[in-house]
Amino acid sequence: MTLIIKNASKTFADGTHALRPTSLTVGPGEILSLLGPSGCGKTTLLRIIAGLERPDPGGEIRFGNEDVTRLAVERRNVGMVFQSYALFPNMSVRGNVAYGLKVRKVSKAEQTRRVDEVLALCHLTDYANRPVTVLSGGQRQRVALARAVAPRPRILLLDEPLSALDAALRDSLRDELAAMLRQFQITAVFVTHDQVEAMSIADRVAVMSKGTLQQIGKPEELYRNPASPFVARFVGNAMPMMGQREPGRLILKGGELTLPNDAQPGQAFVRAENIHLDPEGALRGTIETVSFSVGHYRLGIRDVTDDILIATHPGRQAPRPGDTVRLRIAADDLLFLVDKNGQTT
Amino acid sequence: MRPSPSWLLQLAVTLLTAAFLIIPALQSILAGFTSNYFRGLSSGLTLKWLGEVWDLYAHSIFLSLWLAAACLFFTLVIGVPAAYALARNPGRLSRVLEEFISLPLAVPGLALALALLQLYGSMSGFRTSWAFILVGHVLYTLPFMVRAVLAVLLAMDLKTLEEGAATLGAAPWTRFRTVVVPNALPGILAGALTVVTLSIGEFNLTWMLHTPYLKTLPVGLADSYASMRLEIASAYTLVFFVMIVPLLVAMQWASDRARRITQ
Amino acid sequence: MAHRIFVSVCLLPLAVFSLAFLALPLVRLVGASVEGPDGWGIYLQILQTRRYLQTLLQTVLVSLAVSAAALAISTTAGLFLARNHFPGRGALLSILTLPLAFPGVVIGFLIILLGGRQGLFNQLLPGHVVFAYSLTGLFLGYLYFSIPRVLLTVMAAAEKLDPALEEAARTLGASSVRIVTDVILPGLAPSLIAAGAIAFATAMGAFGTAFTLATDIDVLPMVIYTEFTLSANIAMASALSVVLGLATWALLLVARSFTGTTVAAGG
Numbered sequence: 001m002t003l004i005i006k007n008a009s010k011t012f013a014d015g016t017h018a019l020r021p022t023s024l025t026v027g028p029g030e031i032l033s034l035l036g037p038s039g040c041g042k043t044t045l046l047r048i049i050a051g052l053e054r055p056d057p058g059g060e061i062r063f064g065n066e067d068v069t070r071l072a073v074e075r076r077n078v079g080m081v082f083q084s085y086a087l088f089p090n091m092s093v094r095g096n097v098a099y100g101l102k103v104r105k106v107s108k109a110e111q112t113r114r115v116d117e118v119l120a121l122c123h124l125t126d127y128a129n130r131p132v133t134v135l136s137g138g139q140r141q142r143v144a145l146a147r148a149v150a151p152r153p154r155i156l157l158l159d160e161p162l163s164a165l166d167a168a169l170r171d172s173l174r175d176e177l178a179a180m181l182r183q184f185q186i187t188a189v190f191v192t193h194d195q196v197e198a199m200s201i202a203d204r205v206a207v208m209s210k211g212t213l214q215q216i217g218k219p220e221e222l223y224r225n226p227a228s229p230f231v232a233r234f235v236g237n238a239m240p241m242m243g244q245r246e247p248g249r250l251i252l253k254g255g256e257l258t259l260p261n262d263a264q265p266g267q268a269f270v271r272a273e274n275i276h277l278d279p280e281g282a283l284r285g286t287i288e289t290v291s292f293s294v295g296h297y298r299l300g301i302r303d304v305t306d307d308i309l310i311a312t313h314p315g316r317q318a319p320r321p322g323d324t325v326r327l328r329i330a331a332d333d334l335l336f337l338v339d340k341n342g343q344t345t
Numbered sequence: 001m002r003p004s005p006s007w008l009l010q011l012a013v014t015l016l017t018a019a020f021l022i023i024p025a026l027q028s029i030l031a032g033f034t035s036n037y038f039r040g041l042s043s044g045l046t047l048k049w050l051g052e053v054w055d056l057y058a059h060s061i062f063l064s065l066w067l068a069a070a071c072l073f074f075t076l077v078i079g080v081p082a083a084y085a086l087a088r089n090p091g092r093l094s095r096v097l098e099e100f101i102s103l104p105l106a107v108p109g110l111a112l113a114l115a116l117l118q119l120y121g122s123m124s125g126f127r128t129s130w131a132f133i134l135v136g137h138v139l140y141t142l143p144f145m146v147r148a149v150l151a152v153l154l155a156m157d158l159k160t161l162e163e164g165a166a167t168l169g170a171a172p173w174t175r176f177r178t179v180v181v182p183n184a185l186p187g188i189l190a191g192a193l194t195v196v197t198l199s200i201g202e203f204n205l206t207w208m209l210h211t212p213y214l215k216t217l218p219v220g221l222a223d224s225y226a227s228m229r230l231e232i233a234s235a236y237t238l239v240f241f242v243m244i245v246p247l248l249v250a251m252q253w254a255s256d257r258a259r260r261i262t263q
Numbered sequence: 001m002a003h004r005i006f007v008s009v010c011l012l013p014l015a016v017f018s019l020a021f022l023a024l025p026l027v028r029l030v031g032a033s034v035e036g037p038d039g040w041g042i043y044l045q046i047l048q049t050r051r052y053l054q055t056l057l058q059t060v061l062v063s064l065a066v067s068a069a070a071l072a073i074s075t076t077a078g079l080f081l082a083r084n085h086f087p088g089r090g091a092l093l094s095i096l097t098l099p100l101a102f103p104g105v106v107i108g109f110l111i112i113l114l115g116g117r118q119g120l121f122n123q124l125l126p127g128h129v130v131f132a133y134s135l136t137g138l139f140l141g142y143l144y145f146s147i148p149r150v151l152l153t154v155m156a157a158a159e160k161l162d163p164a165l166e167e168a169a170r171t172l173g174a175s176s177v178r179i180v181t182d183v184i185l186p187g188l189a190p191s192l193i194a195a196g197a198i199a200f201a202t203a204m205g206a207f208g209t210a211f212t213l214a215t216d217i218d219v220l221p222m223v224i225y226t227e228f229t230l231s232a233n234i235a236m237a238s239a240l241s242v243v244l245g246l247a248t249w250a251l252l253l254v255a256r257s258f259t260g261t262t263v264a265a266g267g
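Which chain is which? The protein sequence lines are A, B and C, in order. To convert, note that position 236 of the first sequence is 236 in the working numbering; the numbers rise steadily by one, no gaps. To convert, note that position 28 of the second sequence is 28 in the working numbering; the numbers rise steadily by one, no gaps. To convert, note that position 224 of the third sequence is 224 in the working numbering; the numbers rise steadily by one, no gaps.
No wet-lab data here; the hints were simulated from the structure. Errors might be hidden in some of the hints.
Cβ-to-Cβ under 8 Å is the rule here; a few derived chain B residues that face chain C [claimed, not checked]:
#1 Phe-132
#2 Trp-173
#3 Phe-240
Cβ coordinates follow ideal geometry from the N, Cα and C atoms, glycine included.
Using the sequences plus the hints, can you model the full thing?
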């Protein structure tokens with residue numbers, strides 16, 4: 001089922017523009033992630049798709065050829081996984097998963113068959129008759145997913161499905177969730193503020209900020225060709241290199257970088273993984289902080305540009321705070337970005 | 001949104017219920033100002049009945065205010081330290097003790113009054129003094145004070161706060177004064193307003209414990225209902241409303257505030 | 001161990017007060033109940049005396065009816081007010097919670113104003129509609145007393161329900177009636193049980209309302225009162241008080257195991 005959003009916007013009664021007019025299309029079976037910091041409008045957009053909020057006049061939501069803008073949520077046939085999971089505490093796992101089928105008056109035999117099937121897909125068969133209150137966080141999340149997909153919804157919506165879990169569990173469940181979503185082959189939209197989560201689960205990622213869609217694309221595209229300083233910062237933590245731009249070169253506090261001939265105009269950005277320690281490097285800086293993170297060092301380096309630059313250093317040994325180091329940044333690794341919509345970078 | 005039949009039914013139930021609750025209260029207010037209730041408003045409005053209430057029952061009103069103040073004092077002195085002790089020892093024994101002092105919420109006032117009368121009724125000096133009624137009021141309102149303060153104390157990390165104060169050199173009494181009580185203030189305020197509201201309105205215990213010379217406001221009300229004309233009874237009820245309604249509003253405000261803090 | 005001593009000192013006033021004015025009097029009450037010629041047999045006598053049994057039954061029935069009616073009315077109104085926001089809602093809510101602080105005597109008087117000989121109904125429909133001094137009047141008085149308490153409990157519980165539960169049910173296709181029966185009422189159940197139990201227990205022990213209505217209806221508190229003051233049958237009054245106290249206390253204890261919070265009772 002194709003999901004088409006045209007000009008959907010939302011202004012709340014108090015005048016806040018939670019969502020500026022937004023249009024996007026999600027193809028059949030595609031998994032789209034809405035990524036952005038809190039308050040960027042991603043949850044509002046999700047709730048508009050679900051029918052829990054109504055868009056401002058002029059907005060339109062289509063499921064395939066059907067205009068569902070005015071269709072009540074209970075008739076829209078969407079599945080939704082809530083951030084808190086919202087499992088019904090008065091029902092067992094099976095009762096929760098069967099609920100959507102029950103209210104649709106699906107026959108008992110068919111209910112049992114479908115519930116068993118979904119429980120198996122979500123590795124919940126052994127828990128079918130337990131009360132939901134005794135389940136662990138990960139199990140609850142799977143029940144919420146199973147409940148949402150059991151009625152075979154046209155669109156599956158997930159609101160921060162992993163955020164209620166602790167960090168260790170989140171990592172392991174991320175790939176599991178991605179695999180399960182692919183299995184269902186349902187068009188899915190999920191909201192997250194975690195770039196790793198968005199990139200590892202979704203086919204395409206829509207980056208949002210301040211109620212506006214900033215950029216939409218495959219994870220690699222967003223990383224390699226961010227359209228704006230905001231996207232560059234939010235996806236892959238790009239850092240600005242403040243300095244003086246001259247034809248063919250960039251003059252920084254800590255030295256000069258030669259720029260490729262076809263370099264775009266705009267502010268230069270670089271990512272931590274692209275800054276290398278190299279005695280022959282063109283830039284010079286002073287180590288401010290050193291910390292060891294899984295498998296590599298994180299170096300905070302000052303005096304290269306105005307702000308401190310973070311560099312990841314995979315070597316076995318790290319320089320010490322106060323050391324002066326030379327750095328190499330490949331010209332191809334620089335991003336040149338212009339702030340088009342006047343947002344602070 | 002078009003109102004559905006079930007929505008209209010709910011609205012009707014809500015409005016009818018409100019009417020059931022407010023109409024007799026309005027009637028009583030009106031009757032208190034009407035010259036002759038049987039002849040209706042056409043008989044004219046008057047403050048005469050309020051004046052008579054003042055002549056007949058002013059001492060009851062003052063006795064109730066005095067009792068409420070004394071009751072507040074004792075519930076504070078007994079209840080606040082007790083709530084603190086219960087909060088610091090959240091064991092089984094504390095639960096039992098809390099349950100025990102909450103008995104007056106569950107056991108009807110009449111039964112408690114009978115119990116008090118049979119143990120202390122023969123001590124005539126005590127039996128005939130206002131202190132006897134006060135005991136009843138403290139007994140009945142104390143659990144409200146303890147629970148209100150306890151709820152606030154349990155919601156914060158009292159132990160760590162106190163340990164913090166102790167590492168800075170504060171002795172137990174200093175910690176109680178400077179850390180425990182200030183942090184428990186929302187609960188103390190909510191409890192205090194509840195105590196005063198309930199004390200002023202208490203009838204079940206008071207009726208059994210009072211003597212003809214010591215009539216509280218609600219006892220006077222019962223008296224006026226039984227033996228005075230309807231207008232005086234209404235005017236007296238009106239006086240009661242004027243005293244109790246602001247207290248109730250303040251009590252609900254303070255309790256909501258305390259509840260928000262404990263969440 | 002200055003701290004332990006301090007905590008014990010804090011508990012001391014409470015311990016002294018509740019020993020002197022709660023524990024000992026209650027012991028004395030039980031003692032007084034068996035000082036009659038029958039000793040402990042007095043409790044058997046309650047069960048064998050038709051009048052007491054009938055009173056007990058009547059009190060339980062009125063209280064049950066009050067709890068059921070208060071639950072039905074207050075749940076409807078409480079959910080309505082919790083889920084709808086409209087002009088005048090605040091005023092309506094104030095009206096519905098105002099009687100919280102009215103003691104039973106005052107409520108008795110208000111019922112007389114409604115249904116007494118000079119009451120509103122008898123003025124509108126003269127000659128026929130006097131219900132204040134009957135079981136109906138008592139029932140309405142207890143209902144008046146209980147509605148605000150149950151209403152506040154229901155609204156507090158409704159506020160605590162996760163709104164996502166209702167949204168989840170809607171995304172799964174549930175109608176609004178199903179949402180109420182499948183999600184909201186089960187979610188409120190513990191509070192409803194507790195509120196119903198409180199309404200029941202208060203009605204069992206209510207004295208002021210019955211006293212003001214001055215009815216000939218035998219409800220337990222009135223019988224205790226007359227046994228004590230008119231018949232001077234102290235043992236029986238005490239025994240009936242013990243039975244009444246134990247019943248209401250046990251009931252509330254059970255109810256409180258369902259939910260921690262209860263709305264303040266009142267005189």
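- Taking the closest Cβ pair, is B:Trp-173 under 8 Å from chain C? holds, 7 Å
- Message: Can you verify the interface hint for B:Phe-132: is its Cβ closer than 8 Å to any Cβ in chain C?
- Response: violated, 10 Å
- Should the hint that B:Phe-240 touches chain C count as held when the rule is a Cβ pair under 8 Å? Holds, about 7 Å.
Going through the hint list in order, the structure does not satisfy hint 1, though it satisfies all others.
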